[in-house]
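S.K.: Sequence:
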Amino acid sequence: MRLIILLFIFISSCNYPDVDDIPENQDLEITTKDRINIFKLIQSNEEND
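In my numbering, the protein residues as written are 58 to 106.
Check each hint, because a few of them may be wrong.
Claimed, not checked - Here are the simulated distance ranges between beta carbons:
| hint | residue 1 | residue 2 | range |
| --- | --- | --- | --- |
| 1 | ASN82 | ASN102 | 37 to 45 Å |
| 2 | MET58 | LYS90 | 47 to 55 Å |
| 3 | ILE68 | LYS97 | 30 to 38 Å |
| 4 | ILE61 | GLU81 | 49 to 57 Å |
| 5 | ILE66 | ILE95 | 46 to 54 Å |
| 6 | ILE93 | PHE67 | 36 to 44 Å |
| 7 | ASN105 | ILE68 | 28 to 36 Å |
| 8 | THR88 | ARG59 | 36 to 44 Å |
| 9 | GLU86 | ARG59 | 46 to 54 Å |
| 10 | ILE93 | ILE66 | 27 to 35 Å |
| 11 | ILE95 | ARG59 | 41 to 49 Å |
| 12 | GLN83 | ASN105 | 46 to 54 Å |
| 13 | PHE96 | ARG59 | 46 to 54 Å |
Worth flagging that the hints you see were computed from the coordinates, not collected in a lab.
Ideal placement from N, C-alpha and C gives every residue a C-beta, glycine not left out.
Build out the structure end to end from the sequences listed, making use of the hints.
M.R.: Following this line, the structure appears as structure tokens:
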């Protein structure tokens, strides 16, 4: 039981990135070039399976 409590405290103390941590001026728009790269990554992943 003590181990579970310690694990919970450790996990809850880890600072995961939050949506609020993204700067407001960050450009999150997905361009055509990004879409092509994503498509190529998906294709290469499917070929490796």
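S.K.: Quick one: which hint numbers does this structure break? Sort them smallest to largest.
M.R.: Hints 1, 4, 5, 8, 10, 12 contradicted; others consistent.
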